[in-house]
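Trainee: Letter by letter, the chains look like this.
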Amino acid sequence: MTSALHRRAQLTAIAELRWRMFLNGLRTKRGKLELLSRVIVTAVFTIGGLGAFVAATGFAWYLVSQDKAEYLPLLLWPIFFFWQVFPVMATAFTNNPDSGDLLRFPLTYSSYFLIRLAYGLFDPASALGCLGLFGILLGTSFARPALLPWALLVLLTFALFNLVLQQTIFAWLERWLAQRRTREIMGVLFILFMLSFQLIGPMIERGGKIPHPQLSRATQIVTQLQAVLPAGLAANAIAKTTHAQFLSGALSLFFLAVLTTATGVLLNLRLRAQFRGENLSEAGAPPAVAQAQGLQVGWNLSWFSQPVAAVFEKEVRYLARSGPMLLTLIMPVFMLLVFRLGPSNPMRPGSNFLSRTPELAFPIAAAYSMLVLTNLLYNSFGGDAAGVQFFFASPVTFRQIMVGKNLTHASILLANIVLAWLAIAYFWGPPAIAVSIATLAALLFAAPLNFAAGNLLSIYSPKKRDFSTFGRQNVSQTTVLASLGIQIVIVGVGAAAFLVARLYNNLWIATLLFLVLAGISIPLYVFVLGRIDGIAIARRETLLAELCRA
Amino acid sequence: MDAAPTISTEGLSRRFGELVAVDGVNLRVAPGQFFGFLGPNGAGKSTTIKMLTGLLAPSSGRIEILGLDLSTDPVNVKRQIGVVPEGMALFGRLTGAEFLSFAGRMYGLDRTTAAKRAAELLDFMQLADQPKKLVTDYSHGMQKKLALAAAVIHGPKVLFLDEPFEGVDAIAAGTLKSMLQGMIARGATIFLTSHVLEIVERLCSHVAIIHQGRLVAQGSLEELRAGVAADAPAGSGDGAAASGEKLTLEQLFLRIVGGTRRTEQELSWLE
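Residue numbers (our numbering), protein chains in the order written: chain R, 36 to 585; chain X, 167 to 437.
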């Protein structure tokens, strides 16, 4: 068999394997529920994507038909940022199975590379990004049908660039976060990056005070700069062609292709290392002589039993050794920094909404902190994998195990909230006492509700996850759907409470409402916790089958 | 007869849909026995051990460990037993010392005792030379030793081991065997499944054989030999049993489960 035929046979076999796995999954009730959830989640994303698609179509049509194609970057940059940032911000929604399992087979490197890219296409961010680009293609083609082949070529190249870049970011982040030394370097770089953000705000602020010609010059520089970056190049390739500047348009596409290739080379470096069987474990260089270690006594939590303290310690150690998870958990503070990037003058039309309404910063940061925690909370046993057997074999109730895990979740949430409060106080001034208390009251309602739902879904719909990989996780669609629904309810209730308070011009009303709701959610949490043992025992076979499989 | 059994089951059964994986098993394991539980692949060994350790619910039947009913008093039972299940039940992103200390505390030891025993066990199992190594980076044999260490850290009265010697080198196997024999000498009861019949023959005083979900033999090796000799048809011509020669466990096993070896079938495409 020739190598091309062999590769095609392998790729077909993998596609058939995934199809067969999908069909076999439908044999169980849980599999059917997963399918239903997948359909609903896809529908939710599709509705959002269709909105963006219609907007992109309309806006692109307007720009091209009005001869304003040079403004196309306004459409392409948001798509670029969404495509690259969403998977990092919301890893719970990424569904990207680990292709590393396939390496045991005589797979050629090119097949492995292609499979990684193909798996990347199934990511919601990629699907929605493609939908947005398709909207631009339609809008452009409606306005000027002759542009269709060229726009198709440009947008396909841009889509490929985004796909390759997303995989490159994941692959390199995973590499840098895998080992203590590189993790520390990443940590320092991240802090420097954050400090640089501190400088951008004042610089932009000063930009508002500088005379108009200088501001125009600055804008011109930014415009020129973006024109040599991927989204700008793609926009230019189309815009120049609409103005009959074919050579310039072709050059832009050429440079976009060069950037795509360069990014592909970076991805190739990583994937080739993986393909060769790279081991990123900490055990790469064992010490020549055994290090004398003192007795490592476990942590003590005075108010909690030994098993709860042991589970808490284990959870914290797990998280501390998971770079990807740590990065996800610090996202709330990072997002505040991003918002701080915008000018803070409330009278300026371009200023971001947190600068215009800084009183919302703390509630939003708290809500986002809760949201990123759901990634961990709704699949508590995912990282334990086969270790979950230990819980069932040990003389400890699942209630105690859940308390230990929830204690970790609550500590992370608290740490995030405190950090967010401090960051907000530093960026925009301390949040008002009434806002702070209302937000904490909202958390008293939201956290127990999420914890209760998370504990149930962790048992009813577990998925094994590898804490050391980034974005290559197979998530449970049932969990995604339930988590999405619960967050919508919580955000809806929170917004309604704040609206009522605003209506009466008294924020304490919101606090009161949240405390009343907490009076329902806390007993609900206790109720679920009280029944968790029975549920875990009843569901142990599913739990063990899902988490202990090789 | 003798003292109350440490492990006893009555009519233990487990169905998976139409399949009856374990069918009415009645086991008796006396205190201090080193008990080998054997059977061909898919016979129901792992299913039985999972039910005995509370990892799987029986469809019917009753399990008593140390006189306690597993279904009504699981926590008290688990407090007195140690388990090395099929998947080893390790937490990969802890170091060996952290995992053992964690295991000890989950079994009710105080922090200091758990840490001291963890250090002793790591030393005994020759796992102490790379203290910062994560369990996920251990070799298979090292993981087996660690899983066994975690199962014994609280000094259990009964130990359940599912294939403890699988993938373990001769040196590590020697360490494990001496530890298990030491536990038996101190009065513990050990229940193990293994495909390595030589090891079972050397270690175990009593054996049970399960085949297609049913218990087909149970007793000491001598009792099993006697049973096979009695069942051997007169003039069968098959050496050992008739001539009074001592059958090995492998021969006993093959006789009882009726195994045949496929020697006549050839896979011609295998070079």
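No lab work stands behind these hints: they were computed from the structure. No experiment lies behind these values; they were computed from the predicted model shown. Mixed in with the good hints, there may be bad ones.
To be verified - Simulated crosslink set (DSSO-like; lysine-lysine; CA at most 27 angstroms straight-line):
hint	chain 1	residue 1	chain 2	residue 2
1	R	Lys498	X	Lys323
2	X	Lys343	X	Lys299
3	X	Lys298	R	Lys499
4	X	Lys323	X	Lys343
5	R	Lys103	R	Lys275
6	R	Lys499	X	Lys299
7	X	Lys298	X	Lys282
8	R	Lys103	R	Lys498
9	R	Lys64	R	Lys498
Said to hold, decoys possible - Which chain X residues stay away from chain R? Per the calculated CB distances, all over 12 angstroms, these:
hint	residue
10	Ser179
11	Ala223
12	Ile247
13	Glu252
14	Glu264
15	Ala285
16	Thr341
17	Ser371
18	Val394
What the hints assert, rightly or not - Every beta carbon over 10 angstroms from chain X, so not counted as near; a handful from chain R, in silico:
hint	residue
19	Trp112
20	Leu152
21	Ser283
22	Leu361
23	Tyr403
24	Ala428
25	Tyr495
26	Arg537
27	Ile555
By construction, the Cβ of each residue, glycine as well, lies at the ideal position given by its N, Cα and C atoms.
Trainee: Are the hints correct? Go through all of them and say.
Mentor: Consistency of the hints with the structure:
no.	hint	in the structure
1	R:Lys498 x X:Lys323	violated (34 angstroms)
2	X:Lys343 x X:Lys299	holds (25 angstroms)
3	X:Lys298 x R:Lys499	holds (25 angstroms)
4	X:Lys323 x X:Lys343	holds (17 angstroms)
5	R:Lys103 x R:Lys275	holds (11 angstroms)
6	R:Lys499 x X:Lys299	holds (22 angstroms)
7	X:Lys298 x X:Lys282	holds (17 angstroms)
8	R:Lys103 x R:Lys498	violated (49 angstroms)
9	R:Lys64 x R:Lys498	holds (16 angstroms)
10	Ser179	holds (15 angstroms)
11	Ala223	violated (7 angstroms)
12	Ile247	violated (8 angstroms)
13	Glu252	violated (8 angstroms)
14	Glu264	violated (6 angstroms)
15	Ala285	violated (6 angstroms)
16	Thr341	holds (18 angstroms)
17	Ser371	holds (25 angstroms)
18	Val394	holds (35 angstroms)
19	Trp112	holds (38 angstroms)
20	Leu152	holds (28 angstroms)
21	Ser283	holds (53 angstroms)
22	Leu361	holds (13 angstroms)
23	Tyr403	holds (26 angstroms)
24	Ala428	violated (4 angstroms)
25	Tyr495	holds (17 angstroms)
26	Arg537	holds (46 angstroms)
27	Ile555	holds (31 angstroms)
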